[in-house]
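Note that the protein sequences, when read in sequence, are chains B and V. The first sequence maps to residues 1 to 454 in the UniProt record's numbering. The second sequence maps to residues 1 to 454 in the UniProt record's numbering.
These are computed hints drawn from the structure, not numbers from a lab. In this text, a Cβ means the ideal position worked out from N, Cα and C, and glycines have one as well. Hints should not be assumed to be uniformly reliable.
[Said to hold, decoys possible] Now the stretches of chain B that chain V is said to cover, found in silico as 3 or more residues with beta-carbon under 8 Å: (1) 231 to 239; (2) 349 to 362; (3) 373 to 379.
Protein chains: 2
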Amino acid sequence: MALLRTPPPHGGNLVDRVVRNPDRAKKMADGCVTYDIKPTMLDGVPIRNVYREIMSICYGFFSPVEGSMVRNEVERVLEERRLLNEWVFPYPLVFDISEEDYKNLGVGEGDRLLLRLKGQPFAVLDIDEIYKIDPVDIATRTFGTPERNPEVVKVPFDKKHPGYMIYRSMNPVVLAGKYTIVNEPKFRDPYNKFWFPPAKCREEFKKKGWRTAIAHQTRNVPHVGHEALMKNAAYTGDVEPCRGILVNAIIGAKRRGDYPDEAILEGHAAVNRFGYIKPERHMVTFTLWDMRYGNPIESLLHGIIRQNMGCTHHMFGRDHAAVGEYYDMYATQILWTKGIPSFGFEAPPNEVDYGLKIIPQNMAEFWYCPKCGEMAYSETCGHVDQKQKLSGSFIRGMVAEGIFPPNIIMRPEVYKAIVKWWKVYGYPFVNPKYLAEKDKTLEVDVPPMEVSKG
Amino acid sequence: MALLRTPPPHGGNLVDRVVRNPDRAKKMADGCVTYDIKPTMLDGVPIRNVYREIMSICYGFFSPVEGSMVRNEVERVLEERRLLNEWVFPYPLVFDISEEDYKNLGVGEGDRLLLRLKGQPFAVLDIDEIYKIDPVDIATRTFGTPERNPEVVKVPFDKKHPGYMIYRSMNPVVLAGKYTIVNEPKFRDPYNKFWFPPAKCREEFKKKGWRTAIAHQTRNVPHVGHEALMKNAAYTGDVEPCRGILVNAIIGAKRRGDYPDEAILEGHAAVNRFGYIKPERHMVTFTLWDMRYGNPIESLLHGIIRQNMGCTHHMFGRDHAAVGEYYDMYATQILWTKGIPSFGFEAPPNEVDYGLKIIPQNMAEFWYCPKCGEMAYSETCGHVDQKQKLSGSFIRGMVAEGIFPPNIIMRPEVYKAIVKWWKVYGYPFVNPKYLAEKDKTLEVDVPPMEVSKG
Numbered sequence: 001m002a003l004l005r006t007p008p009p010h011g012g013n014l015v016d017r018v019v020r021n022p023d024r025a026k027k028m029a030d031g032c033v034t035y036d037i038k039p040t041m042l043d044g045v046p047i048r049n050v051y052r053e054i055m056s057i058c059y060g061f062f063s064p065v066e067g068s069m070v071r072n073e074v075e076r077v078l079e080e081r082r083l084l085n086e087w088v089f090p091y092p093l094v095f096d097i098s099e100e101d102y103k104n105l106g107v108g109e110g111d112r113l114l115l116r117l118k119g120q121p122f123a124v125l126d127i128d129e130i131y132k133i134d135p136v137d138i139a140t141r142t143f144g145t146p147e148r149n150p151e152v153v154k155v156p157f158d159k160k161h162p163g164y165m166i167y168r169s170m171n172p173v174v175l176a177g178k179y180t181i182v183n184e185p186k187f188r189d190p191y192n193k194f195w196f197p198p199a200k201c202r203e204e205f206k207k208k209g210w211r212t213a214i215a216h217q218t219r220n221v222p223h224v225g226h227e228a229l230m231k232n233a234a235y236t237g238d239v240e241p242c243r244g245i246l247v248n249a250i251i252g253a254k255r256r257g258d259y260p261d262e263a264i265l266e267g268h269a270a271v272n273r274f275g276y277i278k279p280e281r282h283m284v285t286f287t288l289w290d291m292r293y294g295n296p297i298e299s300l301l302h303g304i305i306r307q308n309m310g311c312t313h314h315m316f317g318r319d320h321a322a323v324g325e326y327y328d329m330y331a332t333q334i335l336w337t338k339g340i341p342s343f344g345f346e347a348p349p350n351e352v353d354y355g356l357k358i359i360p361q362n363m364a365e366f367w368y369c370p371k372c373g374e375m376a377y378s379e380t381c382g383h384v385d386q387k388q389k390l391s392g393s394f395i396r397g398m399v400a401e402g403i404f405p406p407n408i409i410m411r412p413e414v415y416k417a418i419v420k421w422w423k424v425y426g427y428p429f430v431n432p433k434y435l436a437e438k439d440k441t442l443e444v445d446v447p448p449m450e451v452s453k454g
Numbered sequence: 001m002a003l004l005r006t007p008p009p010h011g012g013n014l015v016d017r018v019v020r021n022p023d024r025a026k027k028m029a030d031g032c033v034t035y036d037i038k039p040t041m042l043d044g045v046p047i048r049n050v051y052r053e054i055m056s057i058c059y060g061f062f063s064p065v066e067g068s069m070v071r072n073e074v075e076r077v078l079e080e081r082r083l084l085n086e087w088v089f090p091y092p093l094v095f096d097i098s099e100e101d102y103k104n105l106g107v108g109e110g111d112r113l114l115l116r117l118k119g120q121p122f123a124v125l126d127i128d129e130i131y132k133i134d135p136v137d138i139a140t141r142t143f144g145t146p147e148r149n150p151e152v153v154k155v156p157f158d159k160k161h162p163g164y165m166i167y168r169s170m171n172p173v174v175l176a177g178k179y180t181i182v183n184e185p186k187f188r189d190p191y192n193k194f195w196f197p198p199a200k201c202r203e204e205f206k207k208k209g210w211r212t213a214i215a216h217q218t219r220n221v222p223h224v225g226h227e228a229l230m231k232n233a234a235y236t237g238d239v240e241p242c243r244g245i246l247v248n249a250i251i252g253a254k255r256r257g258d259y260p261d262e263a264i265l266e267g268h269a270a271v272n273r274f275g276y277i278k279p280e281r282h283m284v285t286f287t288l289w290d291m292r293y294g295n296p297i298e299s300l301l302h303g304i305i306r307q308n309m310g311c312t313h314h315m316f317g318r319d320h321a322a323v324g325e326y327y328d329m330y331a332t333q334i335l336w337t338k339g340i341p342s343f344g345f346e347a348p349p350n351e352v353d354y355g356l357k358i359i360p361q362n363m364a365e366f367w368y369c370p371k372c373g374e375m376a377y378s379e380t381c382g383h384v385d386q387k388q389k390l391s392g393s394f395i396r397g398m399v400a401e402g403i404f405p406p407n408i409i410m411r412p413e414v415y416k417a418i419v420k421w422w423k424v425y426g427y428p429f430v431n432p433k434y435l436a437e438k439d440k441t442l443e444v445d446v447p448p449m450e451v452s453k454g
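Here chain B stands alone, though its shape is the one from the complex (with noise of 0.2 Å):
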C-alpha cells in the first residue's frame, strides 16, 4: 500500500474561470445584453441563487462542469450520472428564465450575455444552446423515485423535501453555456475569512503538509457529538491518521430554524482556535450552494468538491445530507460500499471508470455515555442502555431556552458564536428578518463596474 498524496481535481484540472485581469473583463462585458440575477422563489421565500452555482462552477469547486449545461447533458446526468465528458455528476445545473424574461431578452444561441448581481455586472454566459425543461420531471428523476430505485428510495418525494422543491420551482427556459466572472465578488465578513477556493485550498494544504485530509460535511453548529465524529473519523489514513480535517459548511439558502451560516462558521472555528482540535490539523472553509438534500446523490457532490479542494478520505453518517425519510438512512454508505446501479453506479463511486479517487470513511453514532465517562462510538460502547444522544434538536431547545449548555455537550466558546450572531439578528436561529437580510446582502458585496451598453 504506498502512501496516498492529494488527488487529482475530479476530471483531471481544476476549472477556473475567473477573469482577473479588468481590462479583458471589461471587453468580455461591454455591449451584452444584460440580465439581472433573480433567486428561485418558493411562497415568497427565496430558496435557491444561481449566483453560487456561478460561484462554484468557476473557482472550480464543481470541477469539471464549467457552466450551465445542454440539454443533452442534462439527460445523461439525470441517466447515468455522468457528463457528456464521461466523468461522473449527480445534478443537473442550469441556468433558467422565465419564458417572459426570455422573450424580453430577445438573445439567441451564440450570443453572450452579461449577468449582474446586486445590480452590477458579475459573470457572463455564453449561450450554447437554448431549450426547454419541465421542473417536475427534473425534479422526479434528480432524486428518483421508489419504483426507479428501489434499492434506497423508500417514499415518493414532495413538496416537504426543498431540495425536490428547488428544482420543481425552475423556470421553464434555460440557457445553457459557460460562465465566466468578470468581476469577482468580495465576501463580507466573517465569510471572508474562509474562503479557500480549490486552488487555494490545495496550496494551503501543501503549506500545512497535509498529504492526506478527511473532508468534514457541515450546516450546523458543532456540538461535541460533530467534534467526537471529525476527530475519530480522521483517525482512518493511510499507514497513520489523516493528517489534516477540512470542515466544509453548505452556505446557502437558509430555512427558519437553521442556524445562521456566520454562527456555523465561526463555531467550527471556535474548535481549533480553541484548541479541541488543533488547527496545525483542522481547517474552516465553505462552498456556496443551496443544498438539495440529496442524500447519496448529494453525497457525490460532496465528494467532488472536497476532492477538488484536495482531501483525500471523506466521513459519511448515517442519513448524510438528508432530509425527512425519503431515503434508506444507509444510502450514501450503500452507494459508498457497493454502489446503487438504478443510479448508474454497480460499483462505488471511486470503483468506476471516470469515478472520484476521495475514499469513504462510513460511519455509525456517537453518544454520551455516562459509565465510559465520555463520548462514545455506537459500534464500540456496550452500555447502550445508558446512551445520551446529543440531538441537535435537543441542543436548539437548550439555545432556545438561553441555557448554557455543559461542556460536554456544546464547547462554551462555540456557544459564543452562537450568542455573538444572536446578538446581530436578534435571535438565536434564523428567522424572517435573517432571511430577508441575507436575501439582500447575499454573502457577497459585488464592487462597481463600468460596462458599455450594447
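Starting from the known structure of chain B, arrange chain V on it as the hints suggest.
Only chain V this time, still in chain B's reference frame:
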C-alpha cells in the same frame, strides 16, 4: 479501493504441526532419545523457555516457520530478514543445547529427538542439521548496531536489554529441524479461555463477521490510555472502521515489576465484559513468546502473528515493543512507512515481495485533557500545556500504594482483575514467588503419555 478481507496466512498456508491422533503420536514418539526441555537462564532466573517457541511454531502463529532453523537460514534471517523460502521473518529461532547435553544425547543428523516438558512427552524434533553458534554474534546481529543500522539503532545493545540477553545466554549447539507436537499441553486457567491459535482465531473472526480487524499488542493491564489507543486506532479500516479489535498478549518469561500474565489477560477481558468496548468487536487472545523487545524487528513478528490470526491491520505506537533507548522511538513507524534498508527493507515490509499483507496504523500519543474533558490524541488536542500523561509507572505506583484509581485512569472492573491476582500471589506485580511458581507450572499442564523406550 476494493473492500478488504481477511488476509492469507504469511507464507500462504497456516502451519499445523500438532498430531492429534494418539496412535500416530505414540508411533512418532516411540523409541526416541529423550531430552527434557530446560529454560534459558540468566543469573539464576529463567528468561526463556523454548517450549513457547515450539508451541507458537506448531500451532501456526509463526507460519511459515516449521522448526529450529538450519545454519543457512539463521544467516539469511540475520542478513536479510528472510527465510530460505524467501518469506520475511525477523528472528533466528533455534533449539540450542549445551555441549555436555549434546555429548550425552549422542544424536546425529537424521535422528528424531523426543522433547519432554514437565516430565511428559511433548514434541519431537527431526534433526536435519547440527551446528554451533556464537551467541554473542547472534545476539548482536539480531538487534543491530549503530554502525550497521544507523537509521534506527542509537546505542549498542548490552546486558540491560532482555532480548539481547536471551540470545547471548543461549547454548552453543543447535539441533535444527522441524518440530511436531505429539502430546498437546492443556492450558491452565485462565489461559485456556484466551487460547486462539490462528486457525481457531480465523474461525472466530468468521463467526463474528470480522471482515477487517486491527491487532493490539500488549503486555500490560490496560489503563484508559490503552483503551483509547485500541478504540481510536480501530477507526482505520477500508470504507468504514475495522470491525474487530484483536488484543493479543505476549505471554512468556516475566520480569519483576511486570503485571502477572493472568491479570493482563483478565484485565483486557474486563474491557469487553463490562462494555467499554463491546464483545462483538473486541476479543482477547495471547501468543506464547519470550518477548525480545526488538522494536522494529519485534514489530515484524507481531505483524506475522496477527496476520496469521486473521487481522487486516496492526496498530503501532511510538517505542513499540521497546525497552530502553536502543532504538529510535519511531523505529517501528519508520519501518512500516518507508522501510529500513540496513535491515533488508528498501520499502515497508508489506510492500516487498514475500512480505506481509497486514496494514500498519501508526499512532502518536494519548493523554487525559481536562479542557477537552476526555482522553485526547496528541495530534488533535491543542491543550498540550494541560496534558496529563497516564504513564504505566504512575499507575503502577498508585496500585502499589493500594489506591483505587479513578475511572478516567483505569476502569474499576479492570482494577479488580489486578486485585484478584494480587490476592493469589500476595503482591500486585511479579515477585520472586511468582517467578518461581511460573517457572515450575508454566502456562500449561502436560497430560501423561506412555511411550516405549528406544
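So, going through the hints one by one against the coordinates:
Counting residues of the segment 231 to 239 of chain B whose CB falls under 8 Å from any CB of chain V gives 8; the rule of at least 3 is met. With 6 residues having a beta carbon nearer than 8 Å to a beta carbon of chain V, the segment 349 to 362 of chain B meets the requirement of three or more and the stated coverage holds. Here's how the segment 373 to 379 of chain B fares: 5 of its residues keep a CB closer than 8 Å to some CB of chain V, so the rule of at least three is met and the hint holds.
The earlier numbered hints are all upheld by this structure, with none contradicted.
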